[in-house]
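**Student:** Sequence:
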Amino acid sequence: MLVHICCSVDSHYFLQRLREDFPDEELVGFFYDPNIHPYSEYRLRLLDVQRSCDMLGIELVEGPYDLENWMAAVKGLENEPEKGARCSICFDRRFAVSAEWAGKLGHETMTSTLLTSPKKSIEQLQSVGEEIAQKQGVRFVTVDYRKGGGTQRQQEEAKRAKLYRQDYCGCMFGLTIQRQEQSRLAAELFVPVEGRVLPGSIEERLALYEKRIEWEEAGKPYKIVRQKFLNWRLKYGWLKRKKAVLAAHILPFSVMKRRYTNGRVEGELNGLHYFNREEIRFLTLRRYNELTGRNYGDMKALIFDPPSFEEEAKLKARLGLGLWDLSPLIVLEEIPEGKLEILIESEAYQDVREILIPL
1 MLVHICCSVD SHYFLQRLRE DFPDEELVGF FYDPNIHPYS EYRLRLLDVQ RSCDMLGIEL
61 VEGPYDLENW MAAVKGLENE PEKGARCSIC FDRRFAVSAE WAGKLGHETM TSTLLTSPKK
121 SIEQLQSVGE EIAQKQGVRF VTVDYRKGGG TQRQQEEAKR AKLYRQDYCG CMFGLTIQRQ
181 EQSRLAAELF VPVEGRVLPG SIEERLALYE KRIEWEEAGK PYKIVRQKFL NWRLKYGWLK
241 RKKAVLAAHI LPFSVMKRRY TNGRVEGELN GLHYFNREEI RFLTLRRYNE LTGRNYGDMK
301 ALIFDPPSFE EEAKLKARLG LGLWDLSPLI VLEEIPEGKL EILIESEAYQ DVREILIPL
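For the sequence shown, the tail end lands on 359 under my numbering, and the numbers increase by one without skipping.
Keep in mind that the hints are not guaranteed to be accurate.
[As the list claims (entries may be wrong)] Derived lysine to aspartate or glutamate pairs resembling EDC-like cross-links, with alpha carbons at most 16 Å apart:
#, residue 1, residue 2
1, Lys339, Glu266
2, Lys240, Glu345
3, Lys211, Glu354
4, Lys119, Asp167
5, Lys104, Glu62
6, Lys223, Asp92
7, Lys257, Glu278
8, Lys162, Glu216
9, Lys257, Glu341
10, Lys257, Glu345
11, Lys162, Glu217
12, Lys135, Glu108
13, Lys135, Glu100
14, Lys300, Glu194
15, Lys240, Glu341
16, Lys147, Glu108
17, Lys242, Glu341
18, Lys162, Glu214
19, Lys243, Glu156
20, Lys162, Asp305
21, Lys240, Glu333
22, Lys119, Glu82
23, Lys119, Glu62
24, Lys339, Glu278
25, Lys83, Glu108
26, Lys75, Glu100
27, Lys135, Glu82
28, Lys228, Asp351
29, Lys240, Glu334
30, Lys119, Asp144
31, Lys300, Glu333
32, Lys314, Glu345
33, Lys257, Glu290
34, Lys159, Glu354
35, Lys162, Glu210
36, Lys235, Glu347
Honestly, the hints are just simulated from the structure, not real lab data. All of these numbers come straight from a predicted model, not from anything done at the bench.
Please take these sequences and the hints and turn them into a complete structure.
**Tutor:** Put into structure tokens, the structure is as follows:
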């Protein structure tokens, strides 16, 4: 039996129940989920599903990550609610490819861990699954492992196995709607052009779970704990002089009350240049190099290969500004004379991250 898997929390208990109810079937997991975005989240879920399957002694096959085809299939349905038309098409695609692979791998039956997700309709999944599987000469198996306390046991199994618990289905459109309803920033979708890992990001979480596996293989005991902290994301920003954009680097925790302002640099003290609006301050690239021990030759080098987020956040403390200073701090090649225009669209917000602690 080929078992389409969406995530480890849904699959871990589901696979154990399948093994009990279908003892004569050889179970093979199939991870085909091109709806998951960004790619780092896809890699994280695949990593944890592989760990779960290894714990259970079940083979796992990875399907193609054809995000572009999935995007084309749901085009025009971006604003559909959960369990709406977009979800139906998403199920159709994943079931169609799963049925195709089931036939290709010689399986006569298939099923999906989506059946155990409390956010999905079993009736909807059964209808779609049976219709699509039949076209490939495969039988779709519908099971309900939610009833009789199944959902609670599923959560208990996930906790016992220390599985990764995602808080959205994987779809960027569903995530956007979910975060809007929660009045929260969809920080999962922020991927900086310079590629550095941001605190509380999926990339940070992926590195943590990769290290967790290394520790488990080495027999090193650990605990994963949650930490509440102040986070920050820069959405976009620019600085102009005489309508020409100047190369600028905006440091972490720079927040403006109004996203746009204009004014002049009025003075300098201890290497900090003070703007006459929004408590904005500037550093020259030379001064930045002195403070960080770096040797950037120009602004482009800094913008596309900056120090870590944490190192730059500590820079304000070295300047005597304090760790919790939210006034904008901007690095420029040189401090220009005359009128400047500045736009910074950013957000400082309360967040929660996971931390791996050795025991």
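**Student:** Let me make sure I understand: some of the numbered hints might not hold for this structure. Which ones are they, in numerical order?
**Tutor:** Of the numbered hints given earlier, those the structure breaks are 6, 16, 19, 20, 23, 25, 26, 27, 32 and 33, listed in rising order.
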